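Visitor: Each chain, letter by letter, is given below.
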Amino acid sequence: MIWTRYIDRRSFVPLLFALLFNSPVPAQQSGSPTSAAQTDVGNWVMPAKDYASTRFSELDEINSGNASKLQVAFTFSMGINRGQESAPIVVGNSLFVVTPYPNILYALDLTKPGAPVKWKYEPKTEASAQGVACCDTVNRGPVSGDGRIYFNTLDGHTIAVDAETGQEIWNVKLGDINIGETMTMAPLFAKGKVYVGNSGGEFGVRGWLQALDATSGKTLWKAWSTGPDKDVLIGPEFRPFYSMDQGQDLGVTSWPPDAWQHGGGNVWGWISYDPEFNAIYYGTGNPGPWNPDARPGDNKWTAGIFARDADTGAARWFYQWSPHDLYDHDGVNEQILLDLNWQGKPRKVLVRAERNGYVYVMDRITGEVLSATPFAAVNSSTAVDLKTGRLQMSPDKEPETGKVVRDICPAAPGAKDWNPTAYSPKTGYLYIPHNNLCMDFEGIEPNYIAGTPFVGANVAMKAGPGDGHRGEYTAWDISAGKEVWTINERFPVWSGTLATAGNVVFYGNMEGWFKALDAQTGELLWQYKTGSGIIGQPTTYRGPDGHQYVAILSGVGGWAGVVVANELDTRDRTAALGFVGAMQDLPTATTKGGMLYVFRLP
Amino acid sequence: MQFWLPTVFLVAIYRGQKSDAAMMRAIMLLALLVAPASCQREERDLTGSVPEKPAAGIEQSVLHPGDGNNPAPARSKYEETAFDVAEGKRLFQWFNCSGCHFNGGGGIGPALMDDKWFYGSSIENIVATIKEGRPNGMPSFKGLVPEKEVWQLAAYVRSVGGFVAKDVAPSRNDDLNAAPAENRAPTPSPFNGKGP
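Chains as they are written, first to last, in our numbering: chain A, 1 to 602; chain B, 1 to 196.
For the record, the hints were derived by calculation from the structure and aren't laboratory data. Only a predicted model underlies this, so the values are computations on that prediction, with no experimental measurement involved. Every residue gets a Cβ at the ideal spot worked out from N, C-alpha and C, and that includes glycine. Check before you lean on any hint, since a few could be wrong.
As the list claims (entries may be wrong) - Listed next, the stretches of chain A that the computed footprint assigns to chain B, with coverage defined by at least 3 CB atoms under 8 Å from CB atoms of chain B:
#1 118 to 130
#2 563 to 571
#3 577 to 589
As the list claims (entries may be wrong) - Below are the DSS-like pairs computed for lysine-lysine, each with C-alpha atoms no more than 27 Å apart in a straight line:
#4 K131/B / K142/B
#5 K148/B / K166/B
#6 K173/A / K124/A
#7 K403/A / K387/A
#8 K116/B / K173/A
#9 K116/B / K592/A
#10 K77/B / K116/B
#11 K124/A / K142/B
#12 K124/A / K131/B
#13 K77/B / K142/B
#14 K124/A / K230/A
#15 K345/A / K426/A
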């Protein structure tokens, strides 16, 4: 797999820079061979597309003029009828895709008609792991690097498989289902390391991120999300921008005694990598339990974002989106690294559409919040104070034990959950697939029993303001800090999205429609009804025949769709952590499925 | 039944009397007779005894090669006393059963208020499910939950499924009411796969 290494190491980073630095492009001067660059343009080697997490493809064969002619090229049955949140990735002549539990990894041969299976890898995932997966038994995708495919299993293994042969290279057990620990995130591969984190924020699992050696699977370092500074890898390099994040051992002192040991802050979302500053950026999940009365204090370092040295893991800065989170507002969403002209000055920023309802633009060197603007209905907070960095909560929406607080917006899955946004440098817009949900919330006494849920809340969700629509797809002008257009969807938009140089954006809805929109205007160019609701991540690639393809998994599930995937009873509005309250009509709109669809022009 | 019996008496007495005064006397007499009977409560077992051995086994399958005989599952005293079912409801929260099954609708675990029972709906089956666990995610609570409380939990789970008499099943919560109360669960039909 020499060529893969060649692409990853030599051309990928400069390509990323080319993408990042819109105006003068310094990194381009390092010069990358055109052929290699093009090969990489045609690949989709990681769910986020690139280290900056733009989910933007330079391919433009499919464009706003011809997208209406898209048709099915081939399909592939995943054989598992649970939520398909995974991203199909493409390296050279192969497409790699991983199923929900039991996490079977398939390689499809794109050189042959109908893309038959090239190999199959079955990790023999422990069946009992299904009992500690909070929100359906999903997996968010594999990642490629140095000729290997890396992915996580629900029972807490990270596995490397030879991309050519499907032979297991290493398999390490990092999580323990007996404390409720699972792994659902897509790893990040960068600089010969594989970065992985755990899930389990609803089980009182203490969150961590680990860097593994890509050749052996050996743990190079492990950074906890709670506890003493030495566990969190906080040292002399740590310079948080705001005073609220400064101090010694805040991961212990911002909790009641010992509560940090079951405090969550799991790293189940997205990691970005900035080669220039050799930094990784990732968010931490909700504090446990949900009932905030059980954990007075800011609950560091949960519901925030870390910048760390990519080699040593040493923390550089931290910012807390939701200090003392009240609503299960995990901070794990994707951060898009951009070099923007911000108010007349070039700034190196990261952009996040956050669960608490705000689009944040932050200086990614210092951790300063440059702006935070609501992109959905928010009444749980009033603003982000840019002087202190602190989210200003609304006292009348604060949960209490034994009291039902009604109509809190956004609901527990937030204005936007895990499903990633895309950024198009052509339009300058961020494309945000998101929710329009509110909830009733009652705090109840939590009881920690290892391996069982640690939540302490009765929740019932409902549609947010409007005509009962629960999902939205928004184009957001980052520089102007405002919405350009929004498309309402009946159900939460739980799929990811992608943008292309062909001025097209793609996403799917939970009824099963896969859609292509004009990236500028939002005009619907084409749609195709797949067999089941879509909660997956679309990707696009150039096939061995030189033509552009678009891939998406169909198969409803995830937290929003588990009502269908696990056949829940819709009479209980508190079911599935309260999501069923807002999804009582989903079983009438779609059925279970698990199918890869790939489209192309005729 | 206890309600109908005095009514029949009342009608019989009324027919045999002529005056209103006599009628009043008859009602007073009846009230005196009925009052002590109304104080009769369901019996609560305070010894903590539990069935030593499930009466009819805990078969998972309705297929019985050879004779086709399905032994009828026995009812347990635990599902016939409101106290035990109410205790089961408290324990259902306490042992975090509600963290996966919520108020019966399910989430991580399956719904309990519907009429699908992967591992059987008899109280023996539910007791076995709680103690032994099941392969697709149900944990084994053996050693964590005392035996008597397992039966109380199982009795409560039966009430969520509508198998328990309406005067035994719990009624509406003091908590967020987002699901029908257990005593409003529809009585399962014997033909819909729910079992007894």
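Visitor: If a hint holds in the structure, say so; if it doesn't, say that too.
Guide: Going through the hints against the structure:
1. Coverage of the segment 118 to 130 of chain A by chain B holds in this model, with 4 residues showing a Cβ closer than 8 Å to a Cβ of that chain against a need of three.
2. Coverage of the segment 563 to 571 of chain A by chain B holds in this model, with 6 residues showing a Cβ closer than 8 Å to a Cβ of that chain against a need of three.
3. Coverage of a stretch by a chain is defined here by at least three residues with a beta carbon nearer than 8 Å to that chain's beta carbons; for the segment 577 to 589 of chain A and chain B the count is 4, and the condition holds.
4. Under the criterion of a C-alpha separation no larger than 27 Å, the hint pairing K131/B with K142/B is consistent with the structure, at around 5 Å.
5. With a CA separation close to 22 Å, the supplied pair K148/B and K166/B stays within the 27 Å bound.
6. Restraint check: the Cα-Cα separation between K173/A and K124/A comes to about 13 Å, which is no more than 27 Å; the hinted pair holds.
7. Under the criterion of a C-alpha separation no larger than 27 Å, the hint pairing K403/A with K387/A is inconsistent with the structure, at around 33 Å.
8. Between K116/B and K173/A, the direct Cα distance comes to roughly 35 Å. Violation of the 27 Å bound is thereby established for this hinted pair.
9. Distance restraint check for K116/B and K592/A: the Cα-Cα separation of roughly 17 Å lies within the 27 Å cut-off, and the hinted pair is therefore satisfied.
10. For a cut-off of 27 Å, the pair hint linking K77/B to K116/B stands: about 24 Å separates their Cα positions.
11. With a C-alpha separation of about 26 Å, the suggested pairing of K124/A with K142/B holds against the 27 Å cut-off.
12. Taking the CA atoms of K124/A and K131/B, the gap is near 25 Å; set against the 27 Å cutoff, the hint holds.
13. As the CA atoms of K77/B and K142/B are separated by approximately 21 Å, the hinted pair is consistent with the 27 Å bound.
14. Annotation: proposed proximity of K124/A to K230/A is violated, straight-line Cα distance about 35 Å (limit 27 Å).
15. Restraint check for K345/A and K426/A: satisfied, since their Cα atoms lie roughly 20 Å apart, inside the 27 Å limit.
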